[in-house]
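Novice: Here's the letter readout for the chains.
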Amino acid sequence: MNQRGNMEITIKEIDAPKLNSASQNIVILPNNYQSAEKHEYHSTTISFYKDTKSKLDIEYLTEPELLIEQRSGDWFGPLLLISSSAISQNPELISITCSVVANYVTEFFKGKDKPIIRLKVVHKETKTSKLTEISYEGDLEGLKNLEESIHKIASKSSSDA
Amino acid sequence: MQAKVVQMPDKKISFEEVQEEFCEFIDSCGKFSFYTRSTGIQRQKIAACDKYLGVIKQYKQQAAERENEHVANQFFHMQCMINALRSSLLMWVQLKENDFEGSWTHLIDAQEYTSIALRINDYDGVRNLEARLNSAEESLFPGWKIYNSPGFVETVGKCSICHDSFLVCDHVENEIHMGRLCQRIDREIVRVDHFALVENPRDRRCIITKTSDDDGNEIDYFTWEKTGKKLDNDEGRHIEGRMFCIPKLDVL
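If you read the protein sequences in the order shown, they are chains X and L.
Under the numbering used here, the residue at position 112 of the first sequence is numbered 112, and the numbers go up by one with no gaps.
Every number in the numbering used here is 1000 more than the matching position in the second sequence, counting from 1.
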């Protein structure tokens, strides 16, 4: 766990044999992607997808039908999957993704106090299928640290593979 | 439902003239947004807001029909500001009638209208209203350290702008399109997942309204008076509150 200022980043390796996505795009995952039950996405998913599809190569794992609505003031972002092969094709992908998230949240909360962002990114090492979940909780400014953490995981995973 | 008929002025009026009239109207309402002002006059001002909202929405509709997005959004800004003042007047009226829960709801409505208005125009007048509402909140109400924040699983629903499935249309939540705020509507709750107590809720209307003291007396959170109800504290402290409110803001 890495804690600095108003943010916290938690990193853990996960085992999800059911996740077979081989997409070169950013993939929005349902929260219960490890379960066999009907997929449930964060309620921010669809607007985020619509807003960012012109700026990012992004897709849903499956078409959302059920959404998890959290009535908290924090912004619970969609769960994003980034594969190592997508990063090697586009080294700027992580930076672009974090910047798109920051811009979206800034616009969404225009006229209101800036929220706490809760965002999870899953990194998939394409060769080994190893999955690492990086959870971010903090303010907009701290997203730079999330970007660094994803880069570190991506470099380590590719050297281990 | 019967449609509301709004009498429009016969003569043509420029946007600048409407804007001037709007500023005068806002000032005239603001003068009555104080505790000491007559409740009777405050009620008259609320009725005037209702009438004027009808006129502004007609102008907005005309701008939307001409597909003039900028002007439609300017009228929407006016709509939100009038609603913010209307809600603040209602806050004072309810407060004087000792309906503290209702007064709190109108305060939050006023704050939310102000924040939507700020999405379109940010100027001293809106910021002053925002500051006045925040001051009223601090001085009139006790302050809540925790609020209710439910979590549930729901269907995608429809778009408030085009009424298509929200999955397939191009509109984005919280964006303003042709003078209307995009929201997901007609959502069906499939499963209630949890109820959490949080410091920073999405909806600050979801407050704790009653609690209990060490002796098990139920206490009204606004007045701290005993309600007369006796509760069993053996299994934990009792709290009662609003778990969920259906948003009713006039943003279309």
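It is worth saying that the hints were derived from the structure and are not from the lab.
Warning: the hint list may mix true and false statements.
[As the list claims (entries may be wrong)] Derived CB-CB ranges, DEER-like:
| hint | chain 1 | residue 1 | chain 2 | residue 2 | range |
| --- | --- | --- | --- | --- | --- |
| 1 | X | S99 | L | D1122 | 18 to 28 angstroms |
| 2 | X | I14 | L | E1188 | 27 to 37 angstroms |
| 3 | L | E1065 | X | E65 | 28 to 38 angstroms |
| 4 | L | A1196 | X | K38 | 18 to 28 angstroms |
| 5 | L | S1165 | X | S129 | 52 to 62 angstroms |
| 6 | X | E63 | L | A1196 | 24 to 34 angstroms |
[Unchecked claim] Interface residues of chain X toward chain L, partial, derived using beta-carbon atoms under 8 angstroms:
| hint | residue |
| --- | --- |
| 7 | G73 |
| 8 | D74 |
| 9 | K120 |
[Claimed, not checked] Computed footprint of chain X on chain L, listed as stretches where at least three residues anywhere in the stretch have a Cβ under 8 angstroms from a Cβ of chain X:
| hint | stretch |
| --- | --- |
| 10 | 1084-1095 |
| 11 | 1192-1198 |
| 12 | 1221-1230 |
All residues carry an ideal CB built from backbone N, CA and C; glycine is no exception.
Novice: Is 52 to 62 angstroms a correct range for the gap between the Cβ atoms of S1165(L) and S129(X)?
Specialist: Cβ of S1165(L) to Cβ of S129(X): about 34 angstroms, so the range 52 to 62 angstroms is violated.
Novice: Mind checking the CB of K120(X) against every CB in chain L and telling me if the closest is under 8 angstroms?
Specialist: This interface hint is violated because 16 angstroms lies over the 8 angstroms limit.
Novice: 27 to 37 angstroms was suggested as the range; check whether the CB atoms of I14(X) and E1188(L) agree with it.
Specialist: holds, 32 angstroms
Novice: Check, residue by residue, whether the stretch 1084-1095 of chain L contains three or more positions whose beta-carbon lies closer than 8 angstroms to a beta-carbon of chain X, and give the verdict.
Specialist: violated (count 0)
Novice: With 18 to 28 angstroms as the target window, see if S99(X) and D1122(L) comply at their CB atoms.
Specialist: holds, 23 angstroms
Novice: Please verify the coverage claim for the stretch 1221-1230 of chain L: does it have three or more residues whose C-beta sits within 8 angstroms of some C-beta in chain X?
Specialist: Per the Cβ count (0), the hint is violated.
Novice: Three residues minimum, CB to CB under 8 angstroms: does the stretch 1192-1198 of chain L make the cut for coverage by chain X? Let me know.
Specialist: Holds: 3 residues of the stretch 1192-1198 of chain L have a Cβ under 8 angstroms from chain X.
Novice: Confirm or reject the claim that E63(X) and A1196(L) have a C-beta distance inside 24 to 34 angstroms.
Specialist: holds, 29 angstroms
Novice: Holds or violated: D74(X) as interface residue toward chain L, Cβ cutoff 8 angstroms?
Specialist: holds, 7 angstroms
Novice: Do the numbers back the hint for G73(X), that is, is its least Cβ distance to chain L under 8 angstroms?
Specialist: Status holds, d = 4 angstroms.
Novice: Against the range 18 to 28 angstroms, how does the distance between the Cβ atoms of A1196(L) and K38(X) compare: consistent or not?
Specialist: At 23 angstroms between Cβs, range holds.
Novice: Note whether the CB distance of E1065(L) and E65(X) lies within 28 to 38 angstroms or breaks it.
Specialist: holds, 35 angstroms
Of the hints listed earlier, those the structure fails to meet are numbers 5, 9, 10 and 12, in rising order.
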